[in-house]
Amino acid sequence: MLRSVLSVKDIKGKIKDIIDLLYINIPSGVGSHRKDLKLSRDELKKVLKKGARWAVENGFGEKEDLEYIEDTGEMDHADPECVSDKAFDRGRDQLGTVGSGNHFVEVGYIKEIYDREAAERFGLFENQITIMIHTGSRGLGYQICDDYIREMMKASERYGIYLPDRQLCCAPIESPEGKRYLSAMAAAANYAFANRQIITHWVRETFEEIFRMGANKIGLSLVYDVCHNIAKIEKHKIKEGKKEKETLVCVHRKGATRSFGSGEDVLPHRYKDIGQPVLIPGDMGRSSYVLCGTKKAMEETFGSTCHGAGRVLSRNQAIKASKGRSISKEMEEKGIIVRAASKSTLVEEMPEAYKDVSKVVQVVHNAGISRLVAKIIPLGCIKG
Amino acid sequence: MKNKKVQQKKEELKFKPIEHEADVGLEVYGKTLEELFSNAAHGVFQFIVDAEKKGAEKGKKLNIEGNGELLINFLNELIYLWDTEGFIPKEFSIKIDNNRLTGTVVGCVFDPEKCTIKQEVKAVTYHKFSLKEDNGLYKAQIILDV
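Chains as they are written, first to last, in our numbering: chain A, 1173 to 1556; chain B, 3 to 148.
Hints may be right or wrong, so weigh each one.
What the hints assert, rightly or not - Heads up, simulated PhoX-like pairs for lysine-lysine below, C-alpha to C-alpha not over 20 Å straight-line:
{"id": "1", "chain 1": "B", "residue 1": "Lys-120", "chain 2": "A", "residue 2": "Lys-1492"}
{"id": "2", "chain 1": "A", "residue 1": "Lys-1468", "chain 2": "A", "residue 2": "Lys-1407"}
{"id": "3", "chain 1": "A", "residue 1": "Lys-1326", "chain 2": "B", "residue 2": "Lys-62"}
{"id": "4", "chain 1": "A", "residue 1": "Lys-1501", "chain 2": "B", "residue 2": "Lys-120"}
{"id": "5", "chain 1": "A", "residue 1": "Lys-1258", "chain 2": "B", "residue 2": "Lys-62"}
{"id": "6", "chain 1": "B", "residue 1": "Lys-116", "chain 2": "A", "residue 2": "Lys-1515"}
It is worth saying that the hints were derived from the structure and are not from the lab.
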């Protein structure tokens, strides 16, 4: 998520131009990519090793961005040797692309602040223009998943693990298969960090072009870049009998995101005494939220919170519910400009296909695993 | 009598979508394994792209092993060809023997002027996967990660 120094009034009448230009500058990757970003295998290897640092070293964004990325955008146990040739092939043309499904780049503004202290620390204020980028490791990640599922299927048999569903195939973390997979997944995470960093750069370029001023004046800086759907080795307090002991565990945040509270060493200096920003995007028509990680999350959920609203209509149901309607027009009537590479993406992602995120974040806030900081209302978005 | 009617209907049907909360699913039919594989490929690609306006122009050799499940490997291979080359399969001439698929597929390459992108399919999964033969009719259930 990026913040700016702009207010809603500054972009009045410009939002259509911004979304149109974002749509040109940031390819969806579904049948399109930037011709000016083509990588050799060796270069892609560097991306998998260095993550967002590769992007910054190659002119995409600023060094200061790295501090505001989970793990500074570079997981050091990533090993490109654990990534197949096929995954390399799929990754080559897709760096700097958004992808379809629920992936997007969204321009919005802060409608409401709930926690002044945290909002100030995150650099957020009422009516401020924000940008949310949601994408990941693209085809490279999907291929790594497919490759390792086949490997894990054999491993599960080897280790005598009973599988209620074959998609749940697995291996012990410390086994050779487990270690290789974690190294490959970290490489995919680094690719995702680089991907978002490149898109961040193109978002800045887009705003510079529209406002005809330097990025510094527009103040597009990173609030935080955080992963979801990832497994990480972390230290957490585990009860052993009556005592609590710091223990190394593998936390798999599937459908979840990290929400570390204050005092955690891995947080950026600026957020250390308050907790990390937790980003929960909603659907394209309603709202998104910024929350703040808590100590309670460290005690109860291994420092985790949900990463989105979750679907309420299946994709088929959404298609049925949209018959005879133009979702893009409906959004425009609400004042939200949407550009999508595919009509079916729009239909499947229509607001009523999702739970109301406002209710979801209320549950999270009341449970104490993150606390509400700010509400964001969408103005426009691009999708794959 | 009723069963016979249902059976007939299924024979005509190549595939149909099935409900899944977050992803999309397909039930696929075929009188032979080869026909089922071909129908499954068309079923998966109807989610990905509409290329009706383009004819077959390019052939590809296929040689796929059944390490895991042959049908899933076959469909994921096609997704890989789509993702890396924009290849859209049209007609199959394949043989399945001893858990190995060999043969050719002819198809076309994505052209934004003539084809319409529908959505990205990440992979075909093993979740709730099944492939059965019942009374000379093969039936498979596949869930796509989208």
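So, going through the hints one by one against the coordinates:
1. With a C-alpha separation of about 16 Å, the suggested pairing of Lys-120 (chain B) with Lys-1492 (chain A) holds against the 20 Å cut-off.
2. Of the pairs offered as hints, the one joining Lys-1468 (chain A) and Lys-1407 (chain A) holds, with about 15 Å between alpha carbons and a cut-off of 20 Å not exceeded.
3. The suggested pairing of Lys-1326 (chain A) with Lys-62 (chain B) is violated, with an alpha-carbon distance near 29 Å, which exceeds 20 Å.
4. Restraint check: the Cα-Cα separation between Lys-1501 (chain A) and Lys-120 (chain B) comes to about 19 Å, which is no more than 20 Å; the hinted pair holds.
5. Our distance criterion of 20 Å between C-alpha atoms is met by Lys-1258 (chain A) and Lys-62 (chain B), whose separation comes to about 17 Å.
6. A distance of roughly 16 Å separates the Cα atoms of Lys-116 (chain B) and Lys-1515 (chain A); the hinted pair therefore holds under the 20 Å criterion.
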